[in-house]
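Participant: Top to bottom, those sequences are chains A and W. Each residue of the first sequence is one higher than the one before, counting from 59 in the numbering used here. Each residue of the second sequence is one higher than the one before, counting from 5 in the numbering used here.
Don't read these hints as lab results, they were simulated from the structure. Among the clues, some could well be false.
[As the list claims (entries may be wrong)] Facing chain W, according to a computed beta carbon distance under 10 Å, are these residues of chain A, among others:
(1) L153
(2) R165
(3) V198
[Stated by the list, open to error] The following residues of chain W were derived to be distant from chain A, with all beta-carbon distances above 12 Å:
(4) R14
(5) A17
(6) M43
(7) K48
(8) V51
(9) Q52
(10) P58
(11) F65
(12) A72
(13) A81
(14) S90
(15) K123
(16) L145
[What the hints assert, rightly or not] Stretches of chain A that chain W covers, calculated by requiring three or more beta carbons in the stretch to come under 8 Å of a beta carbon on chain W:
(17) 113-126
(18) 167-173
(19) 178-186
Heads up, the beta-carbon is just placed ideally off N, CA and C, and yes, glycines get one too.
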Amino acid sequence: YQRRVRDTTQNKSMVLYSINIINKDGGLVYHREFVKSQRVDLRLASSFHVMHAMACQISPVAKSSGIEEFVAEAFKLQCMQTRTGVKFYFIADPLHSSTVLKSLLARVYEVYCDYVLKNPFYSLEQPVRCEKFDYFVEQVVSSSSAASSKPSK
Amino acid sequence: SLYNMYIFNRLGACVYYEEYNRTTPPASLEDEQNLIYGMLYSFKHFVQKTSPKPDEEQSGFRYFRTSAYKLHYFETASGFRLVLNSAPNVADLRKELRFVYSLLVDYVIKNPEYTVNDKIQPDVFSVFVRELGTYLTAKKLLK
Numbered sequence: 059y060q061r062r063v064r065d066t067t068q069n070k071s072m073v074l075y076s077i078n079i080i081n082k083d084g085g086l087v088y089h090r091e092f093v094k095s096q097r098v099d100l101r102l103a104s105s106f107h108v109m110h111a112m113a114c115q116i117s118p119v120a121k122s123s124g125i126e127e128f129v130a131e132a133f134k135l136q137c138m139q140t141r142t143g144v145k146f147y148f149i150a151d152p153l154h155s156s157t158v159l160k161s162l163l164a165r166v167y168e169v170y171c172d173y174v175l176k177n178p179f180y181s182l183e184q185p186v187r188c189e190k191f192d193y194f195v196e197q198v199v200s201s202s203s204a205a206s207s208k209p210s211k
Numbered sequence: 005s006l007y008n009m010y011i012f013n014r015l016g017a018c019v020y021y022e023e024y025n026r027t028t029p030p031a032s033l034e035d036e037q038n039l040i041y042g043m044l045y046s047f048k049h050f051v052q053k054t055s056p057k058p059d060e061e062q063s064g065f066r067y068f069r070t071s072a073y074k075l076h077y078f079e080t081a082s083g084f085r086l087v088l089n090s091a092p093n094v095a096d097l098r099k100e101l102r103f104v105y106s107l108l109v110d111y112v113i114k115n116p117e118y119t120v121n122d123k124i125q126p127d128v129f130s131v132f133v134r135e136l137g138t139y140l141t142a143k144k145l146l147k
């Protein structure tokens with residue numbers, strides 16, 4: 059009972075701000091806002107691509123991946139890089155659980171494979187303009203907020 | 005579970021560096037320190053622009069995590085930037101870094117022998133090094 063009470067109070071802050079997809083050269087191929095915001099700088103995606111790569115370089119331990127989780131005061135960025143070098147990342151509220159975000163990213167990747175990569179009119183590394191992809195991304199995101207989310211770490 | 009620590013001053017120079025458990029030494033330590041500082045500078049810009057609430061972003065960022073390590077970050081209004089790399093499963097070390105900064109203030113900055121923005125020589129400021137080690141061991145971060 060106590061857990062569910064905690065869930066509903068935290069649900070208010072389970073905001074997903076946006077999702078972005080970068081191709082392996084660092085170009086932004088998809089950007090979708092879930093919350094209206096005044097200023098959006100699309101060049102930031104390329105900055106993130108560089109930041110992601112730098113994190114591998116400065117690693118004190120051998121064989122590090124790029125940035126998977128990036129937490130600031132007002133947002134959390136969760137990133138998933140596929141073996142082909144494509145990066146999917148969410149900008150979300152910092153209280154959002156990373157495990158939930160990771161699973162959402164995996165589902166978006168599935169949707170990307172089905173409705174973008176298998177689309178015969180889509181050319182690799184180009185901006186994504188597929189209606190079905192937009193629709194199913196919306197489905198993934200709204201299904202996450204409808205279901206009760208796990209309490210964050 | 006700690007790998008290494010960097011302390012940068014306002015001018016971008018690394019004034020203190022300590023290694024705990026690092027497995028891959030860099031080609032050039034100075035180059036790496038400069039790279040890290042540059043990276044932190046671009047992170048700050050990225051955070052300001054990406055944040056949905058830019059007025060709340062006073063502190064730069066808190067930490068980022070990769071598959072192999074977690075980088076904890078603390079910056080002060082005076083321009084000191086503390087970076088601590090740990091194992092990826094370690095929880096946010098913000099409070100610990102804040103305390104390390106207070107040690108820095110007490111044992112280095114308040115020391116009349118120290119000129120601000122100089123490198124911190126471990127043999128001259130041995131009390132700082134010792135206190136730092138004691139604190140991190142007490143916090144179970146070091147063995």
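Participant: Are the hints correct? Go through all of them and say.
Facilitator: Right, here's what the structure says about each hint:
no., hint, result
1, L153, "violated (13 Å)"
2, R165, "violated (21 Å)"
3, V198, "violated (20 Å)"
4, R14, "holds (21 Å)"
5, A17, "holds (17 Å)"
6, M43, "violated (5 Å)"
7, K48, "violated (10 Å)"
8, V51, "violated (5 Å)"
9, Q52, "violated (9 Å)"
10, P58, "violated (8 Å)"
11, F65, "violated (4 Å)"
12, A72, "violated (4 Å)"
13, A81, "holds (15 Å)"
14, S90, "violated (9 Å)"
15, K123, "holds (20 Å)"
16, L145, "holds (14 Å)"
17, 113-126, "holds (count 14)"
18, 167-173, "violated (count 0)"
19, 178-186, "violated (count 0)"
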